[in-house]
Amino acid sequence: MKLTSHFLMAVVLVATLGMIHSASAQTEGAGQPEIFKIPHRVNERGAGAPTAGSTGTVTPAITWHGGPVITGTVNIYYIFYGNWNQSNGSDNPAGQQILRDFANNIGGSPYFNLNTTYSISGSPISGNVTFAGETSDAYSQGTRLRDSSILAIVNNAINAGRLPYDTNGVYFVLTSSDVNEQSGFCTKYCGWHTAATSGGRHLRYSFVGNANRCLNSCAAQTTGPNGNAGVDGMISVVAHELEEATSDPDLNAWYDSKGAENADKCAWTFGHAQYQVANGAWANMQLGTRNFLIQRNLEHNTSGDLCKVNANQN
79 MKLTSHFLMA
89 VVLVATLGMI
99 HSASAQTEGA
109 GQPEIFKIPH
119 RVNERGAGAP
129 TAGSTGTVTP
139 AITWHGGPVI
149 TGTVNIYYIF
159 YGNWNQSNGS
169 DNPAGQQILR
179 DFANNIGGSP
189 YFNLNTTYSI
199 SGSPISGNVT
209 FAGETSDAYS
219 QGTRLRDSSI
229 LAIVNNAINA
239 GRLPYDTNGV
249 YFVLTSSDVN
259 EQSGFCTKYC
269 GWHTAATSGG
279 RHLRYSFVGN
289 ANRCLNSCAA
299 QTTGPNGNAG
309 VDGMISVVAH
319 ELEEATSDPD
329 LNAWYDSKGA
339 ENADKCAWTF
349 GHAQYQVANG
359 AWANMQLGTR
369 NFLIQRNLEH
379 NTSGDLCKVN
389 ANQN
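Per the working numbering, residue 79 is the first one in the sequence shown, and the count goes up by one each step.
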């Protein structure tokens, strides 16, 4: 089903993580988004670090429901939608480069390797990620997007030959701050991922809105470790959606009895290994030469699932 005016009746709210999962059958050409919702309030406590989160076992346990995972190397594709050449704010070439640097360094990192714990027999998750390509789209669907607009943006990029069709690809539509997603960006969610069969192609794709549009909703802090609060906030959401799109690409693989996927269960918590960078912002990991503050992921273990930043730290 699509997220429509029946939204509140058709989904199940999961605890206070603000996550939504549906095991309903997907409709042709438009998957049911897995929504990554906003926190109840900004996770910034004055001069203190953003919320660390519990170090204990996370329940209910996450289980496999028979669906596929993405094996081998996961390929990230970016579609910079709107105007990413603005002189002020977050949506500028420097912001794009921060997003590229994240995509180029997340693969094989101790953080993303937590996803390897969701390998299934004969279908191992490698932990490898490649930034495989990008393109831009100057408002082909306007500034007020619908869920169906995101699929159209991805299809247009592939049909025009600006991006390849890739069965191991996850296509991210990254919007500039003047663009809204009308089903609830900034008020109900910060991003989502889903899958759809369209034009004979099976696509895994994600919407991540520019956090600069609503820093108090979609960023953990108003000063980012890379000096771009909007993009730094987006990266935490991109990481969240990437790990879920790897372990539950078609919304029928790994989730718990309440519908929460792996990253859902650790949403808006950042662990106890946080540190401050020169501009006063908080970070919890270094990827390449940059520092990032990224929400923890769930390490799956038969003795108990734990939210972690990497295998050694939670």
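Fair warning: there could be bad hints in the mix.
Stated by the list, open to error - Now the in silico label distances, taken between C-beta atoms and shown as ranges:
{"id": "1", "residue 1": "Tyr217", "residue 2": "Pro242", "range": "34 to 44 Å"}
{"id": "2", "residue 1": "Thr208", "residue 2": "Gln391", "range": "20 to 30 Å"}
{"id": "3", "residue 1": "Asn206", "residue 2": "Tyr243", "range": "16 to 26 Å"}
No lab work stands behind these hints: they were computed from the structure. Beta carbons are placed, not taken as given, at the ideal position from N, Cα and C, and that holds for glycine.
So, going through the hints one by one against the coordinates:
For the pair Tyr217 and Pro242, the supplied restraint of 34 to 44 Å is violated, since their beta-carbon distance comes to about 23 Å. Distance hint check for Thr208 and Gln391: the Cβ-Cβ separation is about 25 Å, which falls inside the suggested range of 20 to 30 Å. A beta carbon spacing of about 20 Å between Asn206 and Tyr243 agrees with the range 16 to 26 Å that was offered as a hint.
When the structure is compared with the earlier hints, a violation turns up for hint 1 alone.
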